[in-house]
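*Asks:* Each chain is listed here by its residues.
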Amino acid sequence: MATNAMDRRRINGPQRTVEPIYSKDTDPFASGRKDSRSLDQVRPIYMKTGPLSTQANDLSASSAAAASGSAFYEQGNIRVSCAVYGPRQGRKSNTRMGSFDCDFRYAPFSCSWKKRSHVRGADEKEISLMLEHAIAPAIRLDAYPKACIDAFVTVIESDGKSATIAAAINCISAALVDAGIEMYDSVAACSMGLWESQWVADCSQAEENVSSSTMIIAYMPSADEVTYMLQHGKTSPDQTDQAVQTCINMCTRVYAVLCRGLQASISE
Amino acid sequence: MSSETIVTPGRRLGLLEEHDAGAGTYVRSGMIYSSILGTKTITTSETSEKPIIQVDRKSPLAIPSIGSEVLCRVIRMNPRAASVAIMMVGSTPCQEDFMGTIRHQDIRSTEKDSVQMINSFRPGDVVRAEVISLGDQRSYYLATTKNEHGVVFAQSTAGNTMIPVSWEEMQDPKTKAIEKRKCAKVF
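If you read the sequences in order, they're chains X and Z.
Residues in the first sequence are numbered consecutively from 1, following the UniProt record's numbering.
Residues in the second sequence are numbered consecutively from 1, following the UniProt record's numbering.
Bear in mind the hints are in silico, worked out from the structure with no lab data behind them.
Here the structure is a predicted model, which is why all the values come from computation and not from measurement.
No residue lacks a Cβ here, since even glycine has one placed at the ideal position from N, Cα and C.
Accuracy of the hints is not assured; some may be wrong.
Stated by the list, open to error - Computed beta-carbon distance windows for the label pairs:
hint	chain 1	residue 1	chain 2	residue 2	range
1	Z	Met87	X	Asp142	24 to 30 angstroms
2	Z	Thr44	X	Gln198	53 to 59 angstroms
3	Z	Gly30	X	Ala206	45 to 51 angstroms
4	Z	Asp56	X	Asp142	19 to 25 angstroms
All chains, full assembly: derive it from the sequences and hints.
*Replies:* Below, the structure written as structure tokens:
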């Protein structure tokens, strides 16, 4: 009877089915983090200012193309470089205030989860805008009437989408300070992911894949102002509140590292 | 150099009641903060009773503002105005050139109506000028009305560097040809 009912013109499923083999470790949180960090620990930071800009005493003809300031920033596997040009003549002119523009790019080989093309993607445009919004409040744009400050960020290696954006913010801050742009404060940023009901700082890509929600906060510690906040995913208001508090504390720690690195860059 | 004197943006430097804010600093709610990375210095001056806190940086950035003296090169000109590229602001070279405009009514302070552009500048001249306005969309407005402002370096049609012989004339030392310029008073 069953053979008669079968429609031979269609592709039919196998007659015998078995249950798939599920992976054993259903709980990735139980064994802690792979790199044995604590839950509120940011990956180690390395920073260097001025790799793309020439020294002050070298005013050769080639310095016209050199950036006013630049920085290289590493946080675990994340590697970001940023070049700042300006203040230079702006394309769109606002006679009272300067403008800050940002161009964020992933290098084609930078992402483990996706092959990048050379064409600027929609997500890169979105992140560029995010970075502008996060950094612009810190710059004293009133000190640069009619001028334009440009930041070009390149992600050389990415490990965690939100952590990469946070690293880019830190990198731009360092490059702006290196360029000598007048700022109210440097912006420090950090990201978090939510594992079940536990917030975990500075998630790598593997950790972010299993987190249900992510949070990025950019913060100016000296002014005590949050310049940017972005949350993906669903949380309870209490959890968001907790994440904001923890992120701000971590940003202050990142800020201290940034400042120490910047001080060392001119004292040597 | 101790790390105590090196400050980063956002570092508190002192109270506005006790100090005056100098270059590289800003004031927020009665406190003076650093706005650049550099070394903190406190200077006392006779003119003000309070010592001035400022943050010094090795290479200051050049940006034209109203009243600043600039050195520029004439790029192109028409009977109404000359387009110039601003190369230096005060004594600081610009990283990239800013564009400026010298309108014919801003070349000299007297007999403005009889000023002719072609008798004042030529493309390639280096001009000392003053910024009078932040100008329009793409350029700063410059003026050479003061005596010490005007052409400081010019080459004749023969290609030799000329020397000023009067307020309005420059002479080629080799060919003895005289060309008209709005000369700057040499200090």
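*Asks:* Work down the list of hints and note, for each, if the structure agrees.
*Replies:* Structure-based check of each hint:
no.	hint	verdict
1	Met87(Z) to Asp142(X): 24 to 30 angstroms	25 angstroms, holds
2	Thr44(Z) to Gln198(X): 53 to 59 angstroms	56 angstroms, holds
3	Gly30(Z) to Ala206(X): 45 to 51 angstroms	49 angstroms, holds
4	Asp56(Z) to Asp142(X): 19 to 25 angstroms	21 angstroms, holds
Comparing the model with each earlier hint shows no violations; every hint is respected.
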